[in-house]
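Chains as they are written, first to last, in the numbering used here: chain A, 89 to 521; chain B, 89 to 521.
Calculated directly from the structure, the hints in this document are not laboratory data. We put the CB at the ideal spot given by N, CA and C, even for glycine. There may be inaccurate statements among the hints.
As the list claims (entries may be wrong) - The calculated lysine-lysine pairs, modelled on DSS-like cross-linking and capped at a C-alpha distance of 27 Å, are:
#1 K183/B x K475/A
#2 K183/B x K192/A
#3 K475/B x K199/A
#4 K183/A x K463/B
What the hints assert, rightly or not - In silico negatives: residues of chain A with every beta carbon more than 12 Å from chain B:
#5 M118
#6 V160
#7 E330
#8 I348
#9 Q382
#10 D392
#11 E467
#12 G489
#13 V515
Number of protein chains: 2
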Amino acid sequence: MTVREATSQAGRDVSFRGWLAQRRDHGGVMFLDIADSSGSVQVVVEAETSNGLYETAEAISHESCVEVNGRVVAGRAGNNEIVANDIRCISSARKPVLPYPRSKFDVFDEKHADHVLRNYHLYMRNPQLIAIMRFRSELMRIVRDWFYENDFIEFNAPILTPATLYEEDTALNIEVHGENIFLTQCAGFYLEAAAQALDRVFNMGPSFRGETSRSKRHMIEYWHIKAEMLHGSRNDIIDLVEAIVAHIVEQCQIGCADLIRAVGRGFCADGARIPYPRISYADAVDHLNRVKCQTNFGEGIGADAEGVLEDLLGGPYWIVGIPRSVEPFPYVIDPDDRRVTMVADLITSNRCGELLGVAEKISDPDMLCERMMEKGKWESPSYEFVKDVHQAGCAPHIAFGMGLERLIRWLLNLPHVRYATAFPRLVRRSIYP
Amino acid sequence: MTVREATSQAGRDVSFRGWLAQRRDHGGVMFLDIADSSGSVQVVVEAETSNGLYETAEAISHESCVEVNGRVVAGRAGNNEIVANDIRCISSARKPVLPYPRSKFDVFDEKHADHVLRNYHLYMRNPQLIAIMRFRSELMRIVRDWFYENDFIEFNAPILTPATLYEEDTALNIEVHGENIFLTQCAGFYLEAAAQALDRVFNMGPSFRGETSRSKRHMIEYWHIKAEMLHGSRNDIIDLVEAIVAHIVEQCQIGCADLIRAVGRGFCADGARIPYPRISYADAVDHLNRVKCQTNFGEGIGADAEGVLEDLLGGPYWIVGIPRSVEPFPYVIDPDDRRVTMVADLITSNRCGELLGVAEKISDPDMLCERMMEKGKWESPSYEFVKDVHQAGCAPHIAFGMGLERLIRWLLNLPHVRYATAFPRLVRRSIYP
Chain A
89 MTVREATSQA GRDVSFRGWL AQRRDHGGVM FLDIADSSGS VQVVVEAETS NGLYETAEAI
149 SHESCVEVNG RVVAGRAGNN EIVANDIRCI SSARKPVLPY PRSKFDVFDE KHADHVLRNY
209 HLYMRNPQLI AIMRFRSELM RIVRDWFYEN DFIEFNAPIL TPATLYEEDT ALNIEVHGEN
269 IFLTQCAGFY LEAAAQALDR VFNMGPSFRG ETSRSKRHMI EYWHIKAEML HGSRNDIIDL
329 VEAIVAHIVE QCQIGCADLI RAVGRGFCAD GARIPYPRIS YADAVDHLNR VKCQTNFGEG
389 IGADAEGVLE DLLGGPYWIV GIPRSVEPFP YVIDPDDRRV TMVADLITSN RCGELLGVAE
449 KISDPDMLCE RMMEKGKWES PSYEFVKDVH QAGCAPHIAF GMGLERLIRW LLNLPHVRYA
509 TAFPRLVRRS IYP
Chain B
89 MTVREATSQA GRDVSFRGWL AQRRDHGGVM FLDIADSSGS VQVVVEAETS NGLYETAEAI
149 SHESCVEVNG RVVAGRAGNN EIVANDIRCI SSARKPVLPY PRSKFDVFDE KHADHVLRNY
209 HLYMRNPQLI AIMRFRSELM RIVRDWFYEN DFIEFNAPIL TPATLYEEDT ALNIEVHGEN
269 IFLTQCAGFY LEAAAQALDR VFNMGPSFRG ETSRSKRHMI EYWHIKAEML HGSRNDIIDL
329 VEAIVAHIVE QCQIGCADLI RAVGRGFCAD GARIPYPRIS YADAVDHLNR VKCQTNFGEG
389 IGADAEGVLE DLLGGPYWIV GIPRSVEPFP YVIDPDDRRV TMVADLITSN RCGELLGVAE
449 KISDPDMLCE RMMEKGKWES PSYEFVKDVH QAGCAPHIAF GMGLERLIRW LLNLPHVRYA
509 TAFPRLVRRS IYP
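Use the sequences and the hints to build the structure in full.
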């Protein structure tokens, strides 16, 4: 029986297990908050009638796992509580960690961050972090169900790969059987081959970046939602992404209201307002320069500039036509403006920054050759299979890729992507626990 | 419109896209098999009435992506076929790969294995491999839905980890920010911490082994289905695994009949016969020695010995009580026979070998200390967080771990786990494509 189930049995005798989250000793009467994954309940022990139970309860350390037997009664605050007739310690907590993991403290407060990250194996018992993990699980289910309902096949691309999407020095490299290879930065090369067989595929799994950016939206290990489908244009993939994001927002509001409340930072429903405004990269650069946020054509748009554009357009919004200078090689060059690619980036609201990119991907082997030469990838034997796919009757295809933790951060209004996953792997931080 | 959809439109004019899988030129009449992910259809081109179309069709290379316009008619063999009035090449295949990926050859024949693995990016267009990939996607969905329906929360353990379950020399190691760490062999350490917060958790994601075994059931990268739950005994986790395996078998038979037929190697439904017979490790060793299959108490049971036991018991079957000498440290020692752990292994039928292990896991910090000392892990700072979890009111918990590719191999009767995934990563084989 869970704590929640026990609490609901008004008037009955119940037996349940949980952890000691808090104890308040009022001299003669003691209140214990016993918590599990379902919630928390107040257990009352009275010295006069307890027959030694008071002393037992007094000796239990915070976070010890206990079994409680008692009667469910109506408490003063209107919630049911438990009058204990027996408490047994199943597993005693020997080493206190402060603040107590299941106690009410602001887990997102910067002053706790290092301590929480260092002791994540214990702080995942915190109610706010439990709620985020449950939300993450529900969100993954919602996303996958959308893919299944729209005829996508789940495809697991390998993690170990010879072919990086970005520069090799931004990848994590590993030696296997004497070969120097990499952890995947992006499943795209494998998904485009898979789409040529399966038409519509998606991949949800870990990706790795060796970048040095210490921003609030980067981790070196994260979960990557990738999809690839045959035929269609950039507008088609923009429409598809708007449909999936709006669907996610709606489903979270329907199914995750309790979890959102438990996280306690509200919910961002901006993604439901489709279609999102679009601005071309060229117009964005013009606007930024007009308002003295200097940006040179061909450069990436930084976090400050994203904010300026959010003030102009509201969020989320699309930046359409990202320059070929900043994009890696797999994306089609815009025939109407050969300075830019057929890529669009979706920037979220509330200064959360980029969520995802969509693209028309190259199917023509000659265009592939041009772009691989431009990016210095043409001579590498690691990309032979990518060339093969493009020389073997490659159908035009479109794609998108989204960071799961960025999505969670945006929806739950978290101060950093590190709170969107358990055991986050961060730049220049020890891999521990 | 897919090929399958087009084929169903008897009497109508249709337009669809696909790849040229086969061409048979009978002089004056040509038959093209055009395939996509949904299937294949015969397209007829007659020289007399074709107005140049015959010559166009003649020039198209195998595996080129084409658009076909034509009328759907009843063919001689009873299947619908398409009489073409236009064929347009969308993307020409420039480099032939033989046998043609979408042609009918035995993709599982050992003589093709190296070639297929080297060109997997093209051979994933083979109908049998397409069927396996679709089956894998369906199977993952079935497994996850079972977990969700049984109140498990999906939890993503990190891939980058300081703590290996087995010996470090059987792990893939990687340097990140100057630290020597590892790719996860098993999510167990993180899942047991998560279970202390979330009660029931599962993890589906990649695991890595640096082992040198070149058997038909090992890869260095594979997908690992792991679950961990609070309270309960070894019998409870045995019951749970039998329930999930029987459920999987039943759901595959209901939902995947077409895919199983397309793979063409039958389906193994042995997993539906629950409960599975059990033999203690000690009895197994006695039996093996009686039939002259020499096995010393305390050693692992090899593939030949597994087969001898399958002949005795039928399969699948459980070996209960695996010796502490061969198991890593997290598992409870059997109080009735301290030579063995509270671990049981499930061995499949048809000589497919071990599928999974179940266990009662240690919650008592003193037993953890004893076992970590025994395995030489006690002094390592990488396991401090594991000790912390056990000293912080650790509730008893049970777990299982299953290789997804082993499950697929068993169910679909595949000759090697490498066919159960795209782009398999195999021992002593180049990481390519």
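A quick look at each hint next to the structure:
Taking the CA atoms of K183/B and K475/A, the gap is about 11 Å. The hint holds against a cut of 27 Å. With a C-alpha separation of about 65 Å, the suggested pairing of K183/B with K192/A is violated against the 27 Å cut-off. In summary, the hint linking K475/B to K199/A is supported, as the alpha carbons are separated by about 25 Å, within the 27 Å threshold. Among the hinted pairs, K183/A with K463/B is consistent with the structure: their alpha-carbon atoms are about 24 Å apart, no more than 27 Å.
With a least CB separation of 18 Å from chain B, M118/A remains clear of the 12 Å interface cut-off, as annotated. Every CB of chain B is more than 12 Å from the CB of V160/A (nearest about 20 Å), matching its label as outside the interface. Against the 12 Å criterion, E330/A stays outside the reach of chain B, whose nearest CB is about 24 Å from its own CB. No Cβ of chain B approaches the Cβ of I348/A within 12 Å, the least distance being about 16 Å, so the stated non-interface status holds.
Even its closest Cβ contact with chain B, about 33 Å, leaves Q382/A beyond 12 Å, as expected for a residue assigned away from the interface. No Cβ of chain B approaches the Cβ of D392/A within 12 Å, the least distance being about 28 Å, so the stated non-interface status holds. The Cβ of E467/A sits about 16 Å from the closest Cβ of chain B, beyond the 12 Å cut-off, so the non-interface label holds. Remark: the non-interface label on G489/A is consistent with the geometry, its nearest Cβ contact in chain B lying 17 Å away (cut-off 12 Å).
In this structure V515/A is not separated from chain B by more than 12 Å, as the shortest Cβ-Cβ distance comes to only about 8 Å.
Comparing the model with each numbered hint stated earlier shows that hints 2 and 13 do not hold.
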